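Assemble chains F, Y, S and D with the ligands onto chain B, guided by the hints.
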Amino acid sequence: MMWILLGLLAWIAGSALNVWLARRPRSRATSLAVPVVFGVTIIVVWEAAVRGFGISPVLLPAPSVIAARMASSGSVLWEDFVQTVVKGALTGYVMGCLAAFVTAIVVDRFDFLRRGLLPVGNFVAALPIIGTAPILVMWFGFDWQSKAAVVVIMVFFPMLVNTVEGLRDTSAMQRDLMRTYAAGYWTTLLKLRLPAAMPFIFNGLKIATTLALIGAIVAEFFGSPIRGMGFRISTSVGLLQLDLVWAEIVVAAIAGSAFYGGMALLEKAVTFWHPSQRG
Amino acid sequence: ADELSLQLKWVTQAQFAGYYVAADKGFYEEEDLDVTIKPGGPDIAPVQVLLGGGADVMVDWLPSALAARENGAPIVNIAQPFKSSGLMLTCLKEHGIESPEDFPGHTLGTWFFGNELPLYSWMSKLGYATDGSEGGVTIQKINFNVDPLLQKQVECATTMTYNEYWQVIDAGLTPEDLVVFKYEDEGISTLEDGLYTTEANLEDPEMVDKLTRFVRASMKGWKYAEENPDEAAEIVLENDATGAQTEVHQKRMMGEIAKLTSGSNGALDPADFERTVDVLLSAGADPVITENPGEAAWTHAITDEALQ
Amino acid sequence: MRNLIPVLTVVAVIVAIWYAAAVWLNAQWVLDTAARQDREIGTSELVLETWSQDKPRLPAPHQVVTELWETTVEKNITSKRSLVYHAWVTLSATLAGFAMGTALGVALAVGIVYVRVMDMSVMPWVIASQTIPILAIAPMIIVVLNAMGLSGLLPKAMISMYLSFFPVVVGMVKGLRAPSRMQLDQMRTWNATQGQEFLRLRLPSSMPYLFASLKIAMAASLVGAIVGELPTGAVAGLGARLLAGSYYGQTIQIWSALFMAAIVAAAMVGLIGLVQRLTLKRMGMA
Amino acid sequence: MTNAMPQQAETSVISAKALNLTFQTNDGPVHALRDVNLEVGKGDFVSFIGPSGCGKTTFLRVMADLEQPTSGEVLVNGVSPEAARKARAYGYVFQAAGLYPWRSIGGNIRLPLEIMGYDKAAQAERVREVLELVELAGFENKYPWQLSGGMQQRASIARALAFEADILLMDEPFGALDEIVRDHLNEQLLALWARTQKTICFVTHSIPEAVYLSTKIVVMSPRPGRITDVIESPLPKERPLDIRDTPEFLEIAHRVREGLRAGHAYD
Amino acid sequence: MTNAMPQQAETSVISAKALNLTFQTNDGPVHALRDVNLEVGKGDFVSFIGPSGCGKTTFLRVMADLEQPTSGEVLVNGVSPEAARKARAYGYVFQAAGLYPWRSIGGNIRLPLEIMGYDKAAQAERVREVLELVELAGFENKYPWQLSGGMQQRASIARALAFEADILLMDEPFGALDEIVRDHLNEQLLALWARTQKTICFVTHSIPEAVYLSTKIVVMSPRPGRITDVIESPLPKERPLDIRDTPEFLEIAHRVREGLRAGHAYD
Ligand SMILES: Nc1ncnc2c1ncn2[C@@H]1O[C@H](COP(=O)(O)OP(=O)(O)OP(=O)(O)O)[C@@H](O)[C@H]1O
Ligand SMILES: Nc1ncnc2c1ncn2[C@@H]1O[C@H](COP(=O)(O)OP(=O)(O)OP(=O)(O)O)[C@@H](O)[C@H]1O
Ligand SMILES: Cc1ncc(C[n+]2csc(CCO)c2C)c(N)n1
Ligand SMILES: [Mg+2]
Ligand SMILES: [Mg+2]
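Protein chains in written order, with the numbering used here: chain B, 1 to 279; chain F, 280 to 587; chain Y, 588 to 873; chain S, 874 to 1140; chain D, 1141 to 1407.
Just chain B, with the same shape it has in the complex:
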């Protein structure tokens, strides 16, 4: 009962604090504080609910238990992080995005390919990862290479579609200007279409960050060496070590958010001129 009351209290206090913070003039500090307060509130409410309602740790462990586990299993978490995020997700992300970018330029150049490849591409992109992952594991082996392959496939089409869309997103007048300079294909690409496509490209890059992480983790469910975040999650559930499962999930969420945030910062620097960034 005590805990439930505390949870309610935390909820009310957190929302009130945020409303107050949001009314302040916008600054770096407030825009950082608001989501943090929001998150802390959720965590406190979670803790209170688990204790207050006596939820079994086998169903949902309390944040404090998860934190304790993170502190004690640091080396395991780090090993899994390197295996899954650095080796699997990151390599796949870089390769997939690069490949999609180059393909987009080729596809955009040859209309025949655009009309042929994009519909087929859309179809292939619709193949659910749960189906493709086992196949890729079968082809590329258990180690990170198959995870990277899954990530490549997952990020390829969102990135491709966004880039192709972006390369076409120029106004008639902007294109006409290039025509008047008799600018060739490459010049137009470099000076007009790529800069104009940047907002779209970053859209793709941002979506791809979350996809890459999910892809690498989920692919490990279908085959992995005996380390990696997906491996740990899938096997620890069987042993009912739910605290370890959630510790891995927390690491994944932090890594994913950092990855996404990094991309968003880069986007801000590159597409400062776009109305959505000017605010």
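In silico DSS-like cross-links for lysine-lysine, where the CA-CA straight-line distance does not exceed 25 Å:
no., chain 1, residue 1, chain 2, residue 2
1, D, LYS1226, D, LYS1157
2, F, LYS362, F, LYS404
3, S, LYS993, Y, LYS868
4, F, LYS530, Y, LYS667
5, F, LYS317, F, LYS502
6, F, LYS304, F, LYS362
7, F, LYS304, Y, LYS667
8, F, LYS499, F, LYS538
9, S, LYS1089, S, LYS890
10, B, LYS268, D, LYS1282
11, F, LYS362, F, LYS461
12, D, LYS1157, D, LYS1356
13, F, LYS317, Y, LYS667
14, S, LYS915, S, LYS1110
15, S, LYS1015, Y, LYS868
16, Y, LYS761, B, LYS268
17, F, LYS499, F, LYS317
18, F, LYS502, F, LYS304
19, S, LYS1089, S, LYS1110
20, F, LYS530, F, LYS304
21, F, LYS304, F, LYS317
Some chain B residues well away from chain D (every beta-carbon gap over 10 Å; in silico):
no., residue
22, ARG28
23, THR103
24, ILE105
Coverage of chain D stretches by chain S, computed from C-beta distances (three or more under 8 Å per stretch; other residues unrestricted):
no., stretch
25, 1313-1327
26, 1389-1401
Worth flagging that the hints you see were computed from the coordinates, not collected in a lab. Source: prediction; values computed, not measured. Note that beta-carbon positions come from the ideal geometry of N, C-alpha and C, so glycine has one too.
Positioned in the frame of chain B, the structure of chains F, Y, S and D with the ligands alone reads:
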């Protein structure tokens, strides 16, 4: 009729024939029970379902049940229809493995999710490291099928006598191409499919009564299945919602399952329990359970009543 | 129609590569079998056998097509062995999840655009939520919902919703913020209410973004439904077929379920595209 | 040479006192308005004229509550610009046409009417009226990108005229129009003004246009934007087009030109 | 009243014969140009004037190979517009500024120079020069959205002047500028023209501007767009600003005004 739900640890197949037979033949009805059988799958931890209130009884292996107990899940074995273990390690002969002495330097595939525990115990008993280091073996997690063995990603793979082994055979290999190590023969067998419920349930007399009737009917189902394997397999097939199982395979599986259940009347043999615990406790550096839970983990209360 | 020839060309190229890959990936097995049977094997024999295995590493296109044909056209659609039946099971969860996800996504986006606290606090957590591997928590969600007495379609739809609301939020926030400074200023000069500004300016300008997101959301939603089917005990649906196929090494069955899923997704996405064209045409934007 | 305004005792519709506005940009602040004072009476027709970049648009935006002054005070109809905006006190014609691409010309003009709750019949009637006024009858169902630059601008004027606001703020509305249409629209605007007693603030680059239309001409100079001259026109309210050849007209035009020239660096 | 062109024996830089252009729209075809014939000689300064929507922009776009005529023939420098465009024969100033938002003002002006392969030093030199010409010195590092409408238009003029093309196509370049800047830029343009012997096609709505600048004035009428008059200016090449008060000047202006008026429905 009283409602009761059973969570299986795997998909609908002859491994669970007893329960389907009991339902189909009306044994549950005779006990005034309305039983819902929930198939499992690779991502279902039956313990979670049980503790989450999604089921009243579950089928699980003793090793993973004990591991769950140590992690704070108050579950208790109430019946043990399976007497012997169907677990084995199957190797391709071409890799030159003939006896356990030949393991070092090779890659052994196993399912995880609690199923890896017997293998780890075995390796530690043999004194082999499992991290792929010199003089040890490499353990590889594989999915619940035999493709990695066929495609030579691993040299040996965990199989069940009643299922995966036959998939290897179906794939075109002959028994002569294979070398098989049964856990039962290596003296490291652990108890498989038992029935478990929560401590809370056992404190509720009404529930105890329901469970007693359930176990009684289920055992009747098992014995019927043992005697009529083909009919039991048909019943399983009828209950398979995925439509993926084949008749040949299920009939063969039923035959093998019958061998495993034949020695049991449903009551847990304390000696088997102690042997399983010993195997688990000896599992090297990182044992899954650290102490013998003793009689708290099982009870004869239900079976004593049911099997009078 | 204009797209037919390019599409067919690309498909033809893919099929050709596919057949070649099938030979390459399946050859080992054929050779091993032949060796075990002490049989000499010629090239043409080898190629033909790689295209007709029972459990190939990579089934040949015609094997998949045959399986698809047998399990859709030749089976009664109410039969448990009919892919149409399984596709329908999955589709119904997909559609329910898609509807809920779209509603949630749009609602969140509207909140983010109009309510400052939400703008500042929700987005980072929405992003974080998407980095959680759904496959890991799906079983727990299902268990919890089951314990709460929810079963059947709804738990699956919830997982679909979880996956599909994200693209909608991201797209709609961008879309609702797409109006130019001048367009917003105009609305100010007319002292339009927030509702009017929303309906007459922000919503119309967000349409292209909305439809782009809906297409992604539909695909995500299908994945969600399939993921949701795995821990419900592989009862029915394309997910169950995939799973069952993978336990028994039935690669042909996996591939045909996979294709069925892609066909369903493509059809749904095509449908959204159609609605998009009609809507944008009515709005004079296409 | 900021000069003191002749204080108008009568109801002042727009009153700016010691107005300053500074934009912060990546390379330093831009002083768009510096110490601007102005009184506009009811029924006045005020033209703003001044070199490009001197702050005319910015001043109009401040009146319309689209930009917040850094310091100083503005009153519109005796209340703050925000209150005036909320009371739908003015119609605004932007420097660029800014039509919504997903609405036809008719739909664009109907938009403010829908927002202000005119009924269907009244909407149709007004759209027809203003389209005729700007000579775009027959283009109701075309989309913006199908019109030439000048036609789009006329549609945007029509949109601001469609509803009955007491104050009209117009930012170079006739910039992209030829002399003939422009003369025609000038006449139409004067007639409308005479008929409805609206107060009009009008930005233009054409000296004859400013002199022909206005009761008051405000001359501005750039960087920082200041008011350098306010000329009260002695011309009668009734103004045929050929008033532009009278000596009074030419004299005012001369004074405006001199004021403008003073704001430029060269000659 | 399409009239026959006086055939020019000298090198004709632009020559249009029986030109027609029809746009297909959702509610029927729009005849933007009908039977247009025109010869422009080397070094000519041609102004196009006509009511809004009569096809001036369209005609310029055809010359620039940005629009394909439905029928008829155009030659630029004796070759097809496409060949001329590929030879970078002209600079084009669009009716709207159309600056790239991701480039600063300096970057926008540098753009054609980069494309045409000027070296870094030459680029910097030219950017400085043209920015001074249009009075935007000091704004090199600002971004387009930080400039007023008129300043953007001047930047876009600077961009077209930065490289040395023989032909200049300018679509209402001075539309958003005040009279003083406009006069100044008019003088600058004339000086440039005299110095470089460029051929200039210039769309404007200002009759005095057209008369002051041109050697040839083309009057157009709308729907369908036709050429109704071509006036060869008798004014000398040397034109001080006060030439605008001479009787010759006023006479030509009168003729243009009459031609324009004929194209309008009213008065
Ligand atoms: N959003 C902005 N950010 C930074 N500076 C701005 C912004 N808007 C306008 N300015 C600057 O303020 C000054 C005044 O601009 P304003 O648009 O009011 O000029 P204007 O008198 O309307 O000119 P024009 O006749 O060319 O339209 C200019 O120097 C411009 O560069
Ligand atoms: N892309 C298009 N689609 C359909 N109609 C068009 C298109 N572009 C121009 N038009 C039509 O062609 C005619 C001529 O247009 P154009 O832009 O050449 O006029 P203009 O003489 O430049 O007018 P303004 O002085 O207003 O700029 C107009 O009636 C216009 O509606
Ligand atoms: C949750 C869970 N899933 C699978 C197995 C392994 N397993 C035991 S019996 C069986 C079916 C026979 O093929 C399989 C795969 C397990 N122990 N626990
Ligand atoms: Mg302005
Ligand atoms: Mg034009």
